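S.K.: Next come the chains, spelled out residue by residue.
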Amino acid sequence: MKDTQHLYSVAATFDTPDEITHAANEVAKAGYTRFDVHTPYPVHGMDHAMKLRQSRIGFFAFAFGAMGTLTAISFISWIALSDYPLVIGGKPFWSWPAFVPVSFELTVLLASVLSTLAMIVIYFKFPNVSHPLHDTPYMKAVSADKFGINIESVDPKFDEAKVSELFKKLGARNIALVYYDAASITNRPRLFEPKFISILVAVALVVSGTTYFTLNKVLYWEPFSWMMDQAKLKAQKPSELFKDGIGMRPPVEGTIARGFLPYPFKGQPDSAGKYLLNPLLPTKEVIERGRARYLTFCSPCHGNFGRGDSRLAGQFPNPPTLHSDKVRSWPDGNIYHVITEGQNVMPSYARQIARDDRWAIIEYLRVLQRAQNAQEADLR
Amino acid sequence: MSSTPLNFDNLKKSLPGKTTVTGWTLLAIGIVVSAAAYLVDAERSAFSNVILFMFLASLAIGGLFLVALEYISGAVWSVLMRRVNEFMAGLVLILPLVALPLFFNLGHLFHWARPEAVAGDSLLQAKEPYLNLNFFVVRFIVTMVVWWLFYWLFTRNSKKQDTTKDQKITRTNVKLAAVFMPLFAVSITFLAIDWMMSIEAHWYSTILGVYYFSGTVLAAVAAATYIAIKFMENGLLPTLKRDHLYSLGTLMFVFVNFWAYIAFSQFMLTWYANLPEETFWFMKRWKEGWQFVSVALIIVHFAVPYFVLLAQDAKMDPKRLKFIAIWILFAHLFDLYWLVMPSFKETVTLGWVEIGFPLIAVGAVIVLLSYKVRKNNLVPVGDPKLERALNFRL
Numbered sequence: 001m002k003d004t005q006h007l008y009s010v011a012a013t014f015d016t017p018d019e020i021t022h023a024a025n026e027v028a029k030a031g032y033t034r035f036d037v038h039t040p041y042p043v044h045g046m047d048h049a050m051k052l053r054q055s056r057i058g059f060f061a062f063a064f065g066a067m068g069t070l071t072a073i074s075f076i077s078w079i080a081l082s083d084y085p086l087v088i089g090g091k092p093f094w095s096w097p098a099f100v101p102v103s104f105e106l107t108v109l110l111a112s113v114l115s116t117l118a119m120i121v122i123y124f125k126f127p128n129v130s131h132p133l134h135d136t137p138y139m140k141a142v143s144a145d146k147f148g149i150n151i152e153s154v155d156p157k158f159d160e161a162k163v164s165e166l167f168k169k170l171g172a173r174n175i176a177l178v179y180y181d182a183a184s185i186t187n188r189p190r191l192f193e194p195k196f197i198s199i200l201v202a203v204a205l206v207v208s209g210t211t212y213f214t215l216n217k218v219l220y221w222e223p224f225s226w227m228m229d230q231a232k233l234k235a236q237k238p239s240e241l242f243k244d245g246i247g248m249r250p251p252v253e254g255t256i257a258r259g260f261l262p263y264p265f266k267g268q269p270d271s272a273g274k275y276l277l278n279p280l281l282p283t284k285e286v287i288e289r290g291r292a293r294y295l296t297f298c299s300p301c302h303g304n305f306g307r308g309d310s311r312l313a314g315q316f317p318n319p320p321t322l323h324s325d326k327v328r329s330w331p332d333g334n335i336y337h338v339i340t341e342g343q344n345v346m347p348s349y350a351r352q353i354a355r356d357d358r359w360a361i362i363e364y365l366r367v368l369q370r371a372q373n374a375q376e377a378d379l380r
Numbered sequence: 001m002s003s004t005p006l007n008f009d010n011l012k013k014s015l016p017g018k019t020t021v022t023g024w025t026l027l028a029i030g031i032v033v034s035a036a037a038y039l040v041d042a043e044r045s046a047f048s049n050v051i052l053f054m055f056l057a058s059l060a061i062g063g064l065f066l067v068a069l070e071y072i073s074g075a076v077w078s079v080l081m082r083r084v085n086e087f088m089a090g091l092v093l094i095l096p097l098v099a100l101p102l103f104f105n106l107g108h109l110f111h112w113a114r115p116e117a118v119a120g121d122s123l124l125q126a127k128e129p130y131l132n133l134n135f136f137v138v139r140f141i142v143t144m145v146v147w148w149l150f151y152w153l154f155t156r157n158s159k160k161q162d163t164t165k166d167q168k169i170t171r172t173n174v175k176l177a178a179v180f181m182p183l184f185a186v187s188i189t190f191l192a193i194d195w196m197m198s199i200e201a202h203w204y205s206t207i208l209g210v211y212y213f214s215g216t217v218l219a220a221v222a223a224a225t226y227i228a229i230k231f232m233e234n235g236l237l238p239t240l241k242r243d244h245l246y247s248l249g250t251l252m253f254v255f256v257n258f259w260a261y262i263a264f265s266q267f268m269l270t271w272y273a274n275l276p277e278e279t280f281w282f283m284k285r286w287k288e289g290w291q292f293v294s295v296a297l298i299i300v301h302f303a304v305p306y307f308v309l310l311a312q313d314a315k316m317d318p319k320r321l322k323f324i325a326i327w328i329l330f331a332h333l334f335d336l337y338w339l340v341m342p343s344f345k346e347t348v349t350l351g352w353v354e355i356g357f358p359l360i361a362v363g364a365v366i367v368l369l370s371y372k373v374r375k376n377n378l379v380p381v382g383d384p385k386l387e388r389a390l391n392f393r394l
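From first to last, the protein sequence lines stand for chains P and D.
Its first residue numbered 1, the first sequence is counted upward by one per residue in this note's numbering.
Its first residue numbered 1, the second sequence is counted upward by one per residue in this note's numbering.
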């Protein structure tokens with residue numbers, strides 16, 4: 001016919017699923033192996049008629065589905081138990097009924113999407129996107145309402161006349177030879193063809209442009225903006241309801257937070273030293289905690305070892321060393337008082353450092369002092 | 001395609017052997033045992049009677065639903081065995097009879113039917129506009145009348161088509177089905193609420209109607225599958241191809257999953273919201289031995305049918321289909337038992353009192369079939385889709 005073109009196959013179309021099943025069966029019986037059937041919808045019993053092996057797609061789908069289940073369960077478990085444990089409705093962290101819908105969805109999603117992608121890669125040999133049957137009248141017919149079968153020319157038993165004869169005998173409505181241009185079939189990826197790239201860019205521009213326009217403009221039009229006009233206070237905006245413009249109302253004068261008594265020794269460091277006792281024991285955890293808090297809040301001025309060697313390079317007056325006899329002989333309560341109320345240039349740290357942390361810092365400070373003034377007895 | 005005139009003269013017109021006798025026997029035993037049960041413990045029997053009523057209602061209204069579904073969706077494959085569904089739908093005629101003893105025991109069944117209980121219960125008083133005896137009876141009568149009406153219309157038209165071969169009748173029935181569907185949805189929801197939810201009048205679940213619907217259709221498909229295969233094996237129906245069987249198997253599989261989906265949704269929402277007026281219903285089913293029944297329900301109603309029906313071969317194998325159909329019918333009964341019985345007693349209750357009622361169900365279905373089979377064509381010979389149904393392939 002045409003010199004540049006090669007014969008791909010002989011294709012025949014039939015009218016009913018019964019005929020195509022019969023035809024596939026006969027073709028397989030005649031010993032052909034390189035043939036395929038195309039139908040507008042899945043015809044049950046076709047793989048049996050074509051004498052194909054049991055399809056393994058089920059196992060693939062199962063594996064992908066199991067992947068989905070495991071991904072969902074392990075991911076949720078990690079979040080719920082380790083990454084961000086939240087008490088929801090007083091339920092245990094690991095509450096399996098809540099995981100079921102997500103696990104189910106992810107199972108279905110991965111099973112279907114990955115199976116489809118896998119088939120595209122395996123059977124369509126992606127990234128190759130061309131096939132000799134594309135754009136043939138045969139393909140148009142079988143994707144509408146006909147049932148087609150075609151025997152490829154690479155089949156060892158292929159003989160143009162014999163195949164046509166066989167199809168005719170089987171009662172085919174239409175028999176056609178399918179040719180293809182060898183140049184058009186390549187396994188080269190066509191992803192970088194200018195046409196494809198430019199369409200891709202155009203689509204990206206349209207999608208992102210529309211998204212930008214929708215999210216940044218359309219949402220602020222009436223009536224879409226109505227959602228934003230809500231009778232509630234917004235962060236960083238003055239309240240119109242209260243005279244002083246503050247939305248979050250301060251607690252009533254004299255309110256005491258749950259579990260926190262006000263500091264009773266304001267301006268009385270000696271009483272504090274006398275009556276306040278450190279509630280914490282110098283255990284390893286307490287000292288570690290104290291060390292961490294000390295390094296965060298105290299060390300910038302007092303130095304990492306409490307020697308008063310500020311890291312702030314003279315921006316503030318350096319505090320005296322914490323290893324003086326005075327500080328070493330102070331009871332814990334005195335130091336607590338200084339952290340809580342401040343002293344001289346040092347401001348109060350009551351807001352920054354929680355109560356127990358202050359006591360923990362003192363335990364750590366005692367460790368520092370002992371380390372700086374080690375006695376011979378300590379070495380034995 | 002072959003255009004030989006369709007001929008169904010060789011089909012038998014009676015149930016095989018002693019089936020009819022067995023049916024009558026089961027029915028008689030069931031009635032005697034149940035009557036005795038009523039004499040011994042009327043309250044407990046009333047609860048069992050509710051289970052029986054809901055079970056037969058499932059088959060009846062489920063059959064009617066399948067008939068309507070075939071018309072409204074233009075299904076072809078099921079035309080061949082539509083008469084099975086129509087016969088099953090015939091059970092609507094005896095439903096009031098089954099419910100009759102219940103109306104003498106409403107006080108046993110429902111708190112809200114006892115004036116002294118309502119007097120001291122503000123919740124029941126709030127629900128009184130709906131939960132009162134007069135309205136309850138009216139709803140029951142209206143539901144029954146609607147079902148009878150549509151049963152009568154569908155079957156009358158279908159029978160008329162056998163002789164007249166008038167294709168327009170199919171069209172009429174399609175329109176009827178379109179009217180029936182919403183009525184069906186409302187009536188089956190009311191039925192579930194009235195007879196099962198209002199037993200625990202404080203409890204409510206907005207999904208219970210759908211839950212009962214899922215079980216209903218599953219039971220109806222299972223019954224239709226079993227009966228159709230039995231008919232085919234005994235020469236009452238022409239041979240059903242693998243494609244027909246596959247459709248039935250798939251439908252069962254679908255509704256097994258649908259039931260599990262709905263059942264889990266009901267449980268999960270209750271569990272999540274954790275409202276005392278909803279959770280107590282599940283708590284009742286999770287103690288005093290009921291927790292084993294609850295777990296068994298998941299296995300019997302979901303896990304077993306799911307894995308049996310999962311393989312493609314299982315959906316085409318008459319033997320396995322028959323087995324799982326009977327299994328599913330039992331599972332539906334078990335499901336209803338789980339829904340109703342914990343409200344009667346906090347410990348698991350199962351004894352001779354509960355045995356008589358299921359026997360009535362089996363007996364009634366067999367007797368009804370043996371009667372219907374003698375009086376009717378077993379294949380809708382006048383249906384325009386019949387030839388396509390015979391040659392149906394997936």
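Just so you know, the hints here were simulated from the structure itself, not pulled from any lab data.
Keep in mind that a hint or two might mislead.
Said to hold, decoys possible - Cut-off 30 Å, straight-line C-alpha distance, at most; resulting in silico cross-link-like pairs (DSSO-like, lysine-lysine):
(1) D/K159 x D/K385
(2) D/K241 x P/K168
(3) P/K29 x D/K241
(4) D/K168 x D/K127
(5) D/K287 x P/K91
(6) D/K241 x P/K146
(7) P/K140 x P/K217
(8) P/K91 x D/K159
(9) P/K91 x D/K345
(10) P/K266 x P/K243
(11) D/K241 x P/K169
(12) D/K284 x D/K18
(13) D/K287 x D/K159
(14) D/K385 x P/K146
(15) P/K51 x P/K162
(16) P/K237 x P/K217
(17) P/K146 x P/K157
(18) P/K274 x P/K284
(19) D/K372 x D/K168
(20) P/K266 x P/K169
(21) D/K18 x D/K168
(22) D/K385 x D/K168
(23) P/K51 x D/K319
(24) P/K51 x D/K241
(25) P/K146 x P/K125
(26) P/K146 x P/K169
(27) D/K322 x D/K372
(28) D/K241 x D/K345
Unchecked claim - Here are a few chain P residues that face chain D, going by a calculated C-beta distance under 10 Å:
(29) T16
(30) D18
(31) T21
(32) F104
(33) G314
Predicted model only: the values in this text are computed from it and were never measured.
Even for Gly, the Cβ is constructed at its ideal location relative to N, Cα and C.
S.K.: It remains to establish, for every hint, whether it holds in the given structure.
M.R.: The hints, checked one at a time:
Between D/K159 and D/K385, the direct Cα distance comes to roughly 15 Å. Compliance with the 30 Å bound is thereby established for this hinted pair. Among the hinted pairs, D/K241 with P/K168 is consistent with the structure: their alpha-carbon atoms are about 29 Å apart, no more than 30 Å. Between the alpha carbons of P/K29 and D/K241 the distance comes to roughly 24 Å, so the proposed pair stays at or under 30 Å and holds. At most 30 Å may separate the alpha-carbon atoms for a hinted pair to count; D/K168 and D/K127 exceed this at roughly 47 Å.
With a C-alpha separation of about 19 Å, the suggested pairing of D/K287 with P/K91 holds against the 30 Å cut-off. Between D/K241 and P/K146 the CA atoms are separated by roughly 23 Å; this keeps the pair inside 30 Å, and the hint holds. Taking the CA atoms of P/K140 and P/K217, the gap is near 44 Å; set against the 30 Å cutoff, the hint is violated. For a cut-off of 30 Å, the pair hint linking P/K91 to D/K159 is broken: about 59 Å separates their Cα positions.
Annotation: proposed proximity of P/K91 to D/K345 holds, straight-line Cα distance about 29 Å (limit 30 Å). Annotation: proposed proximity of P/K266 to P/K243 is violated, straight-line Cα distance about 33 Å (limit 30 Å). Of the supplied pair hints, the one linking D/K241 and P/K169 holds, its CA atoms being roughly 27 Å apart against a limit of 30 Å. For a cut-off of 30 Å, the pair hint linking D/K284 to D/K18 is broken: about 44 Å separates their Cα positions.
This hinted pair does not check out: D/K287 and D/K159 have alpha carbons roughly 52 Å apart, beyond 30 Å. Simply put, D/K385 and P/K146 have alpha-carbon atoms about 22 Å apart, close enough for the 30 Å limit, and the pair holds. In summary, the hint linking P/K51 to P/K162 is supported, as the alpha carbons are separated by about 21 Å, within the 30 Å threshold. Between the alpha carbons of P/K237 and P/K217 the distance comes to roughly 22 Å, so the proposed pair stays at or under 30 Å and holds.
Distance restraint check for P/K146 and P/K157: the Cα-Cα separation of roughly 26 Å lies within the 30 Å cut-off, and the hinted pair is therefore satisfied. The suggested pairing of P/K274 with P/K284 holds, with an alpha-carbon distance near 26 Å, which does not exceed 30 Å. Under the criterion of a C-alpha separation no larger than 30 Å, the hint pairing D/K372 with D/K168 is consistent with the structure, at around 25 Å. Between P/K266 and P/K169, the direct Cα distance comes to roughly 109 Å. Violation of the 30 Å bound is thereby established for this hinted pair.
Distance hint between D/K18 and D/K168 is unfulfilled; the C-alpha atoms sit about 40 Å from each other, more than 30 Å. For the proposed pair D/K385 and D/K168, the alpha carbon gap of about 12 Å is at most 30 Å, so the pair holds. With a C-alpha separation of about 26 Å, the suggested pairing of P/K51 with D/K319 holds against the 30 Å cut-off. The straight-line distance between the Cα atoms of P/K51 and D/K241 is roughly 21 Å, inside the 30 Å bound, and the hint therefore holds.
At most 30 Å may separate the alpha-carbon atoms for a hinted pair to count; P/K146 and P/K125 meet this at roughly 25 Å. Pair hint P/K146 plus P/K169 holds up; C-alpha atoms about 18 Å apart against a cutoff of 30 Å. Distance restraint check for D/K322 and D/K372: the Cα-Cα separation of roughly 21 Å lies within the 30 Å cut-off, and the hinted pair is therefore satisfied. The straight-line distance between the Cα atoms of D/K241 and D/K345 is roughly 48 Å, outside the 30 Å bound, and the hint therefore fails.
Taken as an interface hint, P/T16 checks out: its beta carbon lies about 8 Å from the nearest beta carbon of chain D, inside 10 Å. Interface hint at P/D18: satisfied, since its Cβ lies 6 Å from the closest Cβ of chain D, which is below the 10 Å cut-off. The criterion of a C-beta within 10 Å of any C-beta in chain D is met by P/T21, whose closest approach is roughly 8 Å, and the hint holds. Interface restraint check: P/F104 against chain D, minimum CB-CB distance 9 Å, threshold 10 Å, status holds.
The beta carbon of P/G314 comes no nearer than 60 Å to any beta carbon in chain D, farther than 10 Å, and the hint placing it at the interface is violated.
Hints 4, 7, 8, 10, 12, 13, 20, 21, 28 and 33 from the list above are not met by this structure, while the remaining hints are.
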